[in-house]
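Participant: So you can see what is in the structure, the chains are spelled out below.
There are 4 protein chains.
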Amino acid sequence: MKKIGVLTSGGDAPGMNAAIRSVVRTAIFKGFEVAGIKRGYQGLINGDIEDMTISSVGGIINRGGTILGTARSEHFKTEEGFKKALDILHIFKIEGLVVIGGDGSMKGAEKLSQAGFPAIGLPGTIDNDLGYTDFTIGFDTAVNTVLDAIGNIRDTSSSHERAMIIEVMGRNCGDIALYAGLAGGADGIIVPEEELDIDYLCERLIKGKNRGKQHNIILLSEGANITSKELIKLIEEKTGIESRISVLGYIQRGGTPTANDRILASKLGCRAVELLLEGKAGRAVGIKGYDIVDYKIDEALKMRDELDHDMFNLALMLS
Amino acid sequence: MKKIGVLTSGGDAPGMNAAIRSVVRTAIFKGFEVAGIKRGYQGLINGDIEDMTISSVGGIINRGGTILGTARSEHFKTEEGFKKALDILHIFKIEGLVVIGGDGSMKGAEKLSQAGFPAIGLPGTIDNDLGYTDFTIGFDTAVNTVLDAIGNIRDTSSSHERAMIIEVMGRNCGDIALYAGLAGGADGIIVPEEELDIDYLCERLIKGKNRGKQHNIILLSEGANITSKELIKLIEEKTGIESRISVLGYIQRGGTPTANDRILASKLGCRAVELLLEGKAGRAVGIKGYDIVDYKIDEALKMRDELDHDMFNLALMLS
Amino acid sequence: MKKIGVLTSGGDAPGMNAAIRSVVRTAIFKGFEVAGIKRGYQGLINGDIEDMTISSVGGIINRGGTILGTARSEHFKTEEGFKKALDILHIFKIEGLVVIGGDGSMKGAEKLSQAGFPAIGLPGTIDNDLGYTDFTIGFDTAVNTVLDAIGNIRDTSSSHERAMIIEVMGRNCGDIALYAGLAGGADGIIVPEEELDIDYLCERLIKGKNRGKQHNIILLSEGANITSKELIKLIEEKTGIESRISVLGYIQRGGTPTANDRILASKLGCRAVELLLEGKAGRAVGIKGYDIVDYKIDEALKMRDELDHDMFNLALMLS
Amino acid sequence: MKKIGVLTSGGDAPGMNAAIRSVVRTAIFKGFEVAGIKRGYQGLINGDIEDMTISSVGGIINRGGTILGTARSEHFKTEEGFKKALDILHIFKIEGLVVIGGDGSMKGAEKLSQAGFPAIGLPGTIDNDLGYTDFTIGFDTAVNTVLDAIGNIRDTSSSHERAMIIEVMGRNCGDIALYAGLAGGADGIIVPEEELDIDYLCERLIKGKNRGKQHNIILLSEGANITSKELIKLIEEKTGIESRISVLGYIQRGGTPTANDRILASKLGCRAVELLLEGKAGRAVGIKGYDIVDYKIDEALKMRDELDHDMFNLALMLS
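Residue numbers (this note's numbering), protein chains in the order written: chain A, 1 to 319; chain B, 320 to 638; chain C, 639 to 957; chain D, 958 to 1276.
Incorrect hints may have been included.
[Said to hold, decoys possible] 27 Å max Cα-Cα, derived DSS-like pairs, lysine-lysine:
#1 K1170(D) - K586(B)
#2 K532(B) - K1064(D)
#3 K641(C) - K213(A)
#4 K676(C) - K1166(D)
#5 K845(C) - K2(A)
#6 K1237(D) - K1253(D)
#7 K721(C) - K209(A)
#8 K1253(D) - K987(D)
#9 K321(B) - K402(B)
#10 K1170(D) - K349(B)
#11 K30(A) - K847(C)
#12 K38(A) - K532(B)
#13 K403(B) - K615(B)
#14 K1170(D) - K213(A)
#15 K107(A) - K38(A)
#16 K1245(D) - K607(B)
#17 K207(A) - K640(C)
#18 K721(C) - K640(C)
#19 K918(C) - K749(C)
#20 K867(C) - K288(A)
#21 K1050(D) - K1064(D)
#22 K607(B) - K1190(D)
#23 K209(A) - K238(A)
#24 K995(D) - K876(C)
#25 K987(D) - K532(B)
#26 K526(B) - K38(A)
#27 K1034(D) - K1050(D)
#28 K926(C) - K302(A)
#29 K940(C) - K288(A)
#30 K209(A) - K233(A)
#31 K1237(D) - K851(C)
#32 K867(C) - K1190(D)
#33 K30(A) - K845(C)
#34 K940(C) - K641(C)
Quick caveat, the hints were computed from the structure, so don't treat them as lab data.
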């Protein structure tokens, strides 16, 4: 193998640039050439590809987003698009690929590997919704961004003695809500994985109010089985506490990555290149405890991402 | 005059605590006693009042929100509520009042002064919508909070080559959008005070795209004559550029106040106490250029808050 | 056991308040009373103790430092002081103790336990110098604070094309330098655990300069075997690159704790109370991978804190 | 005039990039070509010059430092160096120059103008030490950076009940210490412009301690007539309060510029180009109150930069 490619795909996440930097520099250090593929699988199909040097990834470790750009590609999912992608990889003399993204991106890497083209997947998504890895690249930054927002919102919540419902991202995974909720001292955390006991939540809000608590913060995961509007209605009816909604939106997807996300991305990027060097294909790289691990992508994607119930209960007990 | 009161009213704003601190400590330094009135005019009516010492306002200069709490009071606007408020002031032996808030709060201070009770108004609102002062307490912090959000959103906007419409607060005043838009290098700034030329905006977006610009940020003031949904529809139709909306919401109202807001609040709080000491009543305190100024409240509220058109044009020229 | 005490000791660290909150609220939830001991072991000897309620620890999870205060106590190390401490614990009817601090603080907890008084140690220090736990409370925040500083210093380093030597804390442990150095893309990381190859460092600086790199950041751990002055002299002599020193100092010890530190502190605080409930004594609680663990304190303190050499080499390879 | 040049000189300051962006884009908008001169006057002498386009300054408004680089040049101060600079300007067909920097940089612009080459000076320095303008580009960011540091240091100061002496930049100007000190609630502010009354300072520290204040923050300007070591010795001797020093150093010179610095830089950069267009030379551009102003450089540099004594007294009264 002489030349490897790297692409980012799906939603962007802080730390993707650190992962790209790690892939590029590790690869060059190990004697590979590296091609940067722009705009995900769609850019691959379009031959939107440039050679990368050590300098190409200078000064990017601290930047959110992805310098390669990203996109979702329906075309790649078609037989014709997939064949085109393989042709382009051949034409550009790319012999191995590192894909940074979420589950959809991983599936693409798996499909390429099954077709005989070695590809490795790195978990790049703020949602932390991949069961085979404790953490995904971008998650720690997103949690800290939400925590900052909670700080701001708590100020105004206290001043007005209102309950604030903060809706956060995470698709079907409640981890952003759970981690930011525990760290932010939220009075309620509503996630897709746990049934909401609205009466218990309201009891807590009322008790808090009675002991002089001036603010109430409720973290609502976007994938939960209740909308923010329904929730606000229930809370106001049952407790009489004035409530407001804040949907954090896209600020969660950007920002300077935290130390953790940069370090995780650096370690995973290095490991991905090593795997290609070892002749591996179709592996998903992740972290378990303190260890860097890798699994067959199809098996990795089958591992269920379970909510940490102990942590959920801890958050309730401490708030 | 032996004892003065201080209250915050209307929407909270970062820097209100610095203003409270300045009022309390200046007053004590000048030989007054100080009473802190909780929850705005409603708290005044309810006699929700506590004596304040130098220590009461220790460690608050860096905190957003208001330790006194704030509320909007319909009751105070009634004759009966107003009379009740005057009675309470009398009972608590409060002989002068500093009110920190927006235009509604100022009107209350004016009404009290006309009824013979000396009250001074300080401009505490993130909206910067008071014409008699260049800046209000909280505005600088809100602009910098929006700027941080623009930074985060720009990352994801670049990665996906999307246009992002960022809706910001400001009621009928476009200043938050204008200041954050100029400072954030926004490609479009849409404010209540300027008619939107949608074709010109779209032309700029297309030109930017053609010269390789990967992100487009459009600041939309909440008071503008177009909704974010209408805007997104027009942009996508006319330019074909994929667009997304981010409504920043309540994060703009909180957060650690900037140096500027703390300094402004400190200066204005001190001046308010001096004015009471000088026997003045019904004055609105503000800043013009480098100078602390004060006007009769009714005249202050008549001064129109005009958009800085030079700045608006500068923002367009530089983006 | 009816009442437990909690104290912080040694140097303060961000997240100590989150740990106190967790200890207090878990204990109350489990039916204990809780006494807060001020100013570490010295405060214990002085009987500087207050009962704590759920509300005592409200609004502190996001604050750096420790609301209990901390101090180093020589008195406690004497037989007489130690006996006094035991007496005070008896007088205040405290039957178990959670100590949050570094190795010195742990030793105190061990000594108390050996004297028959059950005490549990939590690792609270920014230095990450305790071998029995992957991470200490405060370390993640300190690393991110250093990372922010690197960001600022990189700006000015680039503008002036200087090498900047950034001296960071950590006592005899190079982890702050290593983690911040890897995450910050430092060109050199000098730690107590690795011998400095000054020629290799200078070669890298020169190569970087030759390929157009405008800034050079070198992280120097305070415990390294070279002073910043010696280092600057060597670099300037050998490379001719103008160099400057920045000693970060106390800013590393404070600041709003990160999500990770708050979560770690919350988990460890809860576990400490559970251990007391289970009748355990003299245990040091920590984290290994994803798991909360505990060891006998004397054994925990014997575990050597080794530098992660893979990570050190990764940092060099990627910079 | 067809082509103008722009350079940054002296110490870098956050917002310089926003100023460069404004100069470049305003000039192009007005029909000029623009040349970017690298590394200050030294780069000018060396012909280190590149044409700039609208895109050259894309994505830099939020970055600290200066993309043009900066340096101090002794060579330019010699007759031969100065003549060389004029030759280079002629060779590169540059007919006007905007210089962004401190007083030394301004003097260079003045000298060029006197030699018949039109040059305009913009105040770019964190020190705020230019008397002709209320604020310099970079000052607001530096003050807010110091404020963040105060926040961190206050945490650890409270925890240990120590006095912390924070040494800040500013050369002979105490403004950084004054503004950050007022905004940060410092207990003492020591600046070059005011004589230190050490007994009064110590009295305040002792009084604060007696009323339960747990932290003491003293801002010390680097240009003050006492060193931090002397100060710490005096404080410990006179008050018995344990004290520590933190020299903030280079972190004050970098960082993402605040909204204010970006807006000020944008306004001043535009005005500089307009002045060249109007045929003016040797003008220093600044801000007075809300207005953009300009003076003859030699007169501007004669205006004394006075400390705002009212503000200094306010800071003392409120702390």
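Participant: Next step is simple, just say for each hint if it's right about the structure.
Facilitator: Evaluation of the provided hints:
1. K1170(D) - K586(B): 23 Å, holds
2. K532(B) - K1064(D): 38 Å, violated
3. K641(C) - K213(A): With Cα atoms ~25 Å apart, K641(C) and K213(A) stay inside 27 Å; holds.
4. K676(C) - K1166(D): Roughly 16 Å separates the two Cα atoms, so the pair holds.
5. K845(C) - K2(A): 24 Å, holds
6. K1237(D) - K1253(D): 10 Å, holds
7. K721(C) - K209(A): Measuring from Cα to Cα gives roughly 43 Å; hence the hint is violated.
8. K1253(D) - K987(D): 24 Å, holds
9. K321(B) - K402(B): With a Cα-Cα distance of about 22 Å, the restraint between K321(B) and K402(B) holds, given a limit of 27 Å.
10. K1170(D) - K349(B): The hint holds at about 21 Å.
11. K30(A) - K847(C): Roughly 22 Å separates the two Cα atoms, so the pair holds.
12. K38(A) - K532(B): 15 Å, holds
13. K403(B) - K615(B): 25 Å, holds
14. K1170(D) - K213(A): Distance ~25 Å between K1170(D) and K213(A) Cα, so the pair holds.
15. K107(A) - K38(A): 18 Å, holds
16. K1245(D) - K607(B): 11 Å, holds
17. K207(A) - K640(C): 24 Å, holds
18. K721(C) - K640(C): 22 Å, holds
19. K918(C) - K749(C): The given pair, whose Cα atoms are some 14 Å apart, holds under the 27 Å limit.
20. K867(C) - K288(A): 41 Å, violated
21. K1050(D) - K1064(D): 22 Å, holds
22. K607(B) - K1190(D): Outside the cut-off at roughly 43 Å; violated.
23. K209(A) - K238(A): 13 Å, holds
24. K995(D) - K876(C): 26 Å, holds
25. K987(D) - K532(B): 22 Å, holds
26. K526(B) - K38(A): With Cα atoms ~21 Å apart, K526(B) and K38(A) stay inside 27 Å; holds.
27. K1034(D) - K1050(D): Between K1034(D) and K1050(D) the Cα gap is close to 22 Å, so the pair holds against 27 Å.
28. K926(C) - K302(A): This hinted pair holds, its Cα atoms lying about 26 Å apart.
29. K940(C) - K288(A): Roughly 26 Å between the alpha carbons, so the hint for K940(C) and K288(A) holds.
30. K209(A) - K233(A): 18 Å, holds
31. K1237(D) - K851(C): At roughly 38 Å apart (the allowed maximum being 27 Å), K851(C) and K1237(D) break the hint.
32. K867(C) - K1190(D): Holds, at roughly 24 Å.
33. K30(A) - K845(C): Answer holds: K30(A) to K845(C) is near 18 Å, not above 27 Å.
34. K940(C) - K641(C): 31 Å, violated
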